[in-house]
Each structure stands twice: as structure tokens, then as C-alpha cells.
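Colleague: If you read the sequences in order, they're chains B and R.
To convert a position in the first sequence, counted from 1, into the numbering used here, add 962.
To convert a position in the second sequence, counted from 1, into the numbering used here, add 935.
For the record, the hints were derived by calculation from the structure and aren't laboratory data.
Don't take every hint at face value.
One side of the interface only, derived from the structure: several residues of chain B facing chain R at Cβ under 7 Å [said to hold, decoys possible]: (1) Leu-1015; (2) Val-1018; (3) Pro-1036; (4) Leu-1064; (5) Gly-1071.
Some chain R residues judged to face chain B by a derived CB distance under 10 Å, without partners named [to be verified]: (6) Arg-962; (7) Thr-963; (8) Val-967; (9) Arg-970; (10) Arg-1076; (11) Ala-1077; (12) Val-1080; (13) Ser-1081; (14) Gly-1084; (15) Leu-1221; (16) Gln-1490.
Nothing here was measured: the structure is a model prediction, and the numbers come from that model.
C-beta atoms are modelled at their ideal positions from N, C-alpha and C, and glycine is treated no differently.
Next come the chains, spelled out residue by residue.
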Amino acid sequence: MATTPVIRFDDTTKRFGDVTALDALRLDVRQGEIVGLLGPNGAGKTTALRTLLGLVKPTSGSAQILGVDAWRDPVRAHGHLAYIPGDVSVWPELTGERILDLLGATWGGYDQAYRVDLVERFNFDPSKKGRSYSKGNRQKISIIAALMTRAPVLVMDEPTSGLDPLMEATFQDALREAKARGQTILMSSHILSEVEAVCDRVAVLRQGRLVENGTLEDLRHLQATVVEATYTGTPPRVDALPGIEDVTVGAGVIRLQVRGSTDPLIKALAAAEVHTLQVREPSLEELFHAYYDEATEPAGT
Amino acid sequence: MTSTTTPPTTRPGSPGEAAFPTDYTARTPTQVWFRLYRHHLRLLRNAAIAWICGLTLVSVGVVTTYEDRYTTPEELALFAEMEGIPAFEAMLGRFVQLTTVEGATLSRWGMFSILAAVWGMLAGARLLRRAEERGHLELLRAGVVSPRGLTASAMAALATTHALFAVAVGTSHTAAGMDPATSWALGGSMALLTASFATAGVLASHLATSYRRAVGLVGGLLGVLLGLRLLAAASVTPEWVWWTTPFGWVGYLHPADAAWPAVFGALSALLVVLVGMAVALARRDLDAGWIGGAADEPSFAPRPLAGHRSLAVRLTGAGLRTWAAIIGLVTLAFGLLARDFSEAVADLPTMVELGDQLGWVGIDTAEGIVAFTFSIVALLLAVFAAGQVASIREEEATWRIEHLLVRPLGRVRWLVTRVLVAAVGAVLLAAVAAAIVWGSTAIVGTPITIGDALAAGANTVPVAWAALGVGIAVFGFAPRLATPITYGLVVTAYLVDFVGGVLELPDAVLDLSPFRQLAAVPAQSPDVLPLLTMLAVGAIGVAIGVARFRHRDLQEA
Ligand SMILES: Nc1ncnc2c1ncn2[C@@H]1O[C@H](COP(=O)(O)OP(=O)(O)OP(=O)(O)O)[C@@H](O)[C@H]1O
Ligand SMILES: [Mg+2]
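With the hints as constraints, model all of the structure from the sequences given.
Modeller: Given below as C-alpha cells:
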């Protein structure tokens, strides 16, 4: 059953002068999915989201929301979505209340009861003037404004930057509720634990290119397993084995990563009289370091 | 909304939702548009009220005091002689029947129309480019509205304030006793002129990549159009030159010309063209402009910044070049016309008398015209100083100052440095004016000495310093008010000098205006006491402002 994806990037390319901020991005988000957009600073995450909203014009290709190209028809496209920008900046002279009124109205309407509920849950004081809000509180304004619209599609650029851990948890709960209601979410983030907690799928951008796209499970399987062993015999000779990387040998300790079959490794270790053996999946940090590192050393391993 | 065959397109009724919440308020695109219109109107409200009240009241003052003031035949005759004198028309726009209340009032609008244009230009650029710079437009553009719809809602809000302006001028002038047709022609055409400049501000917001540049673009256009009016005033140019600039068109509102339909037609056509262009260019990348993308912004800093001093020099220097160009053009024009003007006036002895009354001393000589020129330079320098106060405040409002003050740099050092650089900037601008007047009068063969030119320039500098001092004092106590109050005081002081006599304001009030206190150097010798007073005001203002700034909280926008 082939349904149209809710969000579709169709070879979306965006250049700013000589800089290619987004390079032929192809990415679909299906209904009810929460997709995390990851990547190092300057990778093109914000550009991708702004292109999706039609805030910038793709140099080539297109981006669609429910089949509508937001650059061509922003009114119809924006009728389906709510957006949390990366740098939230609010009107200094308006109160939080007024700002929520304004954004609720211009983003196509909102659920008043849900708004009251969100204001309470996020512990937000809407009576103050815009200029007096702290960074986290400004962030709350746009989170509440976006969620209270109950828009079918939520597009968020680092939505939790500046939130305290308690609010971060509240936000994750709200996302799960949104998912349960069938809302579709595309969010960029630098917080891997958050991505792990709420996202069904991640897409990794690097220098404007999509370098990875799949569930965290998929990505883990692609990645190496971390093996740590202590031994009493002669140091095992593992360098020549297939799929072995990152070997560090200490006094009676060996640490390495293995990709693919572990059988040859186990046999090699057996000869070394292994005392303890630890095999685990890489942590999310370890998983993503590779992508982020390579951005700073493009020639790297 | 058009239905699609895809998953949930309507809001609350998404799968998993038991029922539609009862208090869900949906907005149609039309409702969204009107909400944005109201939002823009709210942002414009306070400034619009101030400008409308200010301009209307001053002008009504001219109407109501006219009857008692110019009644004797001698006075009327004198007034009549002013018509056709290029120096006055260059300054004030076209003169028609100054002996009628309509003529007297309309002639004042030669100056007021410039202020109205400035109001429009700033309002338009603020509403769009300033808001975009501050990140507010990103939130609005994410709404159920197209970029063109958003621009249109802003222009509609601007137009509403201008319609109110027309009504305010029309009703108040009629009530004050001016011919109703002329009152409404004045109100309508000034509203159209203001709207045109506001739309130019909106258009420039789509062209330029920063608020500063947008204002620079429209300011440049304003300068060119005023230059054309200056040209039209010269005796050698034919009558039609007045029609090359909107500031000339509004000179044809007097009933004697019977030309208001043509004025309205021309202004409306201009407005329609500008609105069309603004809407057409509205569909563009956020944070970009049609002239120069965001990509070439960094070219502003070709040299590495050595420290806060060079930053101060750079920030002031950016505006300084523009100001040097404006002041250069004004002084060049008057310098080149000095001989024409003074010789024309010399044929009209009563004119010289009247000029004396108005504070324009000896305008039958080149020195007198140069002195008159420097009275305008004094105004421009004061506006420059107010701009410097605004620029200093901007560093705090945007919190950029934080980057500097976290370094081992005291607040006092930072502020004093910026003030000193601004003060030196005023001196440089006065020097430019002096040099150009000296050169241009020499070219037309009525040379004034370099010493006289420098004295005239030096005479204007204390006005700028006084404005700077007052502005910094306000900055110390009420930073958010520093920019509006400083600009407001400069404009008010000039208006007091310009129409205060007509309005029969008490001398005590008139004397408060530094512009009135300035001696007509080089036609007169400098008046030391007022100059010292201005220097004292400047120094004390800076001292108070700095002392207060040192101990108060930083306040963002
Ligand atoms: N308006 C612009 N003009 C010029 N270059 C731009 C513009 N916007 C983005 N870029 C460039 O495009 C690239 C991608 O930027 P983008 O903001 O999308 O990155 P990002 O992934 O959101 O980074 P971050 O994690 O820091 O938010 C960067 O190299 C950036 O310098
Ligand atoms: Mg970003």
C-alpha cells in the first residue's frame, strides 16, 4: 500500500554563493513517523528545514509537505504544519500570552484547551513581556505555539536547545502524544539521547549530503561491535583478521571493534586464555562520532 | 483548503484522536491575513500617532496664527516678494501666493513633506527588514500566508496609518479655517507621499540585506529627489523640472494652480508602481535580499579588528561616508548657487529685511547664503549625532556589547570611546562642508575665505556635540528611549526655529533651540555664549550619561 509520504525531499539542493548547503537531498518521512535529522554544525540541517517550509528557494529539486511544494504554494503547505525555528526570537514588547495568540492565529488556528494544558505542563508564565524571557522560556513559547496547533506535521529545528532536563522530559512526553495522535515529526537535534528516546528513524547529513538514513537498530547493525577482553596467555594476534578495527593492546587487556562475523576473533582469543570477555553494541555517541569526526577531517578514516 | 488524497490534512481529526476538541479555533488564510494586518498595525501605532500629531499640530498652528500675524499691507507685500526667490524655494519648495493662508501653510509643507517622507521610509523598513533581522519574520512566514501576502498585510497596515494622517490633516485644517478643498488636497497628497516612501522602505527591505542598508537606499533616493527640487528652484531651469520629483508635485496644491488632480494622479501612479514592485519582489529567501546575498555580507570586515577602538571607528565610519556624501551634495549645490541667490535677493531690499527677521542674515551676499547653508549643515550634523546615539544604543539592545564588556574593557572606556569617535566624526563632516563651500563658491566667482568657511563649519559642531550629550544622558537613564528622544529633540528644536516665530511661541521657548542660537557665521561673527552653553550641555550630558551607564543594568531591546 503505497501512501504519499508526508514529507518528501526530492533531490533538494540549495547553494548560497559557492557554498552548497544542501546537496541533492532525498528523504521521505511517512505518516506518524518521528525522524531525527543529525549532523555536525553547518551540515545543512537548518537549510533543509527552511527549504521544506519554503523560507528559502531550492536551487534545484523540490521539497513537499503532503504533496505540496511550500515554495510554490506556502499557504496550502503551511496549513499542514507548525514550525519551531532554530533561533527563537520573540517580539520584545508583546507578552507571552499575545505572542501565543499571534502565532496560534497565523499558524492556522489552535486548540485552546491543549494550549492551557501545555502552558501548565511546561511551567511557562505567559504574563511577562517578550524581552524578559530567558532562552529556555523563549524556546517554550515556540514549542507550545507549535504543539497547540495540532498540525499534522511538526517541523522543529533543535527544539530543546536551552530547556532544562525536566522540561526536556516534558517535551519528549508531548512528542509521544503527538505521535500517538498520528502527527508526523521531522526534527533536527544535537542531543543523541533525545533522538534515541523519541525518534523512529534518523537521517545524518554531512556537508549537505545525506550520509545515513535508517532506524537506530539498522545503524547499530551496520556498525562494529565493541569487544574488550582480559587474558593471561600470549597476546592474541588479531590484526590480520577480517573486520577488525581500532585495536588497543595493554598489559593483559585487549580492546577492539569487530564488524561482520565474530567467529575468527573468538578462535584467536581462545588461544590467549581469555579471563573475562565483554561484548557490547556501540553507544550512540560512539556510533555517531564517526560521522561527526569525518566532517572535520574529510580525508579521515 | 483543497482536499488531498493523502493522510491527515485537517487538524484535530487525526487518527487516534477520539473526537474534535470543542474549542479548536481554525483560521482561514483570509483570517490569518487580517490577523497579520492587525499585528503590523499594532507595531506601527505609537510612532504613527506621534508623527501624525506632531506634523498636523505644527501645521494647524501656522493656519490659526496666520490671520493675526500677516495683516498689514507692508507685511503682505514683503511676503509676496519672497515668491520666485530661488534660495527660499530651494529650501522650502515651490511658493504660490504666500499672502494667502493656503499659500503660507503649503509653503511650510515644503519642509514638513521631507519629515513625512522620513517617517514613511523608517516605518516601512522597520516593519519588514528590521523585523527580519531580529528573526520575527521567520515565525510569521511559517504561518498560513505567502511572503507576498505578508508584505501586503504590512503595506495595508502602513496605508491605514497614512489614511488616518490624511483625515487628521484634512479635518484639522478645515476646522482651523483653511479652505476645505485645499485642506483635503494637502492631507491626501501628503498621505500619498508618505505612503510612497513607506512602500519604498518595504521595497528596499526586499532589496537590501540589512535595515541599515535599506534605510541607506531610500535615504539616497530621498536625497536625489530633493536635489531635483533644488535644481527646479534655480532661476535658469524651466518650470517643468518641478514635475521631475514628488517634492515638486506637492508644490502644486495651491488653489491658484488648480492642479491637485494632477498631483494626486502622479502620486498615485508612483505608489502603484512601488506597491507592484514590493509585492513582486517579496517572494525571496528569508534573510536574503535581491541586491547582494547574505553570502557577501562578511566583506564588511576586510581588515582584522584590532580592538574596541577600531570597532568604534568602523561602526561610526560606515555611516560617516554616507553623511559626508549627503552634506557634500547639499553644500555643493548651495555653494554653486550662492552667487545666483545672493544677486537675486540683492534686487529686493525688503527681502533682506525679512531674511533678517527670520534669522537669515545678509542673504544678499555670498557670506549670507553660506551662513544659511550652514544652518542646514547644523541640522544634518545634529541628525548624524542622534544617529550615533542610536548606533550606541543598538550595541546594547542587540546584546552585542556583551562580547566587548566580558573582556577587560570597562563600560566607561567603551562608551567614552564611542562618544569621542562620534564627536570627531562631527568635526570631520563640518570640515567636509567647509572645504566644499570654499571650493564651490570660488568656482562661481564669489569666493569666501578659507578662514570664513572653517569658522562657519566650526560654528555648527557644538550643535552636534550638544545633541550627542543629551542623547548619551538619556541613554544613561532610559536606554530604550534614547533613540526616539534624541531624534525627537533634534527635529523639535529645528521645527521650533523654523516655525516657532510664526506660531508666536514665547521667546523663552524659542531660545531653547540651539538652531536659533547659532550666529549666521560667516555673515556675522560667532556668538560665543551660546556656543559655550552647547559645549557645556554636551560635556555635562556625556558625563551624566556615562556615570549612570556605569551603574545601571544592561537592557536589551
Ligand atoms: N543565508 C546563508 N547565506 C550563506 N550561507 C549560508 C546561509 N545559510 C546557511 N549557510 C551555509 O550553509 C551551510 C549549512 O548551514 P545550516 O545552517 O543549514 O547548518 P546546520 O546543520 O543547521 O548547522 P548547526 O548545527 O550549526 O545549526 C553552512 O555552511 C552555512 O554557512
Ligand atoms: Mg542549524
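Colleague: Can Gly-1084 (chain R) be said to touch chain B, with a Cβ gap under 10 Å?
Modeller: At 7 Å from the nearest chain B Cβ, Gly-1084 (chain R) passes the 10 Å test, so the hint holds.
Colleague: Hey, does the Leu-1221 (chain R) contact hint survive, CB to chain B under 10 Å?
Modeller: Cβ of Leu-1221 (chain R) sits 4 Å from chain B, so the hint holds.
Colleague: Have a go at the Arg-962 (chain R) hint: is there a Cβ in chain B nearer than 10 Å to its own Cβ?
Modeller: The hint holds - Arg-962 (chain R) has a Cβ within 10 Å of chain B, the shortest such distance being about 4 Å.
Colleague: Regarding the hint that Thr-963 (chain R) lies at the interface with chain B, is the smallest CB-CB distance below 10 Å?
Modeller: Cβ of Thr-963 (chain R) sits 9 Å from chain B, so the hint holds.
Colleague: When the nearest CB of chain R is found for Pro-1036 (chain B), is that gap smaller than 7 Å?
Modeller: holds (5 Å)
Colleague: Tell me if the interface restraint on Val-967 (chain R) is satisfied: Cβ within less than 10 Å of some Cβ in chain B.
Modeller: Status holds, d = 5 Å.
Colleague: Classify the hint on Arg-970 (chain R) as holds or violated, based on whether any CB of chain B lies nearer than 10 Å to its CB.
Modeller: Constraint on Arg-970 (chain R) satisfied, holds at 4 Å.
Colleague: Close enough to count: is the Cβ of Arg-1076 (chain R) nearer than 10 Å to one in chain B?
Modeller: Nearest chain B Cβ about 6 Å off; hint holds.
Colleague: Taking 10 Å as the limit, does the beta-carbon of Ala-1077 (chain R) come near enough to a beta-carbon in chain B?
Modeller: OK, holds: Ala-1077 (chain R) within 10 Å of chain B, min 4 Å.
Colleague: May I ask you to test the interface hint for Val-1018 (chain B) with respect to chain R, counting a Cβ-Cβ separation under 7 Å as satisfied?
Modeller: Because about 4 Å separates Val-1018 (chain B) from the closest Cβ in chain R, which is inside the 7 Å limit, the hint holds.
Colleague: Should the interface hint for Leu-1064 (chain B) be scored as holding, given a Cβ-Cβ cut-off of 7 Å against chain R?
Modeller: holds (6 Å)
Colleague: Given Gln-1490 (chain R) was flagged as interface, is its beta-carbon under 10 Å from a beta-carbon of chain B?
Modeller: OK, holds: Gln-1490 (chain R) within 10 Å of chain B, min 8 Å.
Of the numbered hints given earlier, the model fails none.
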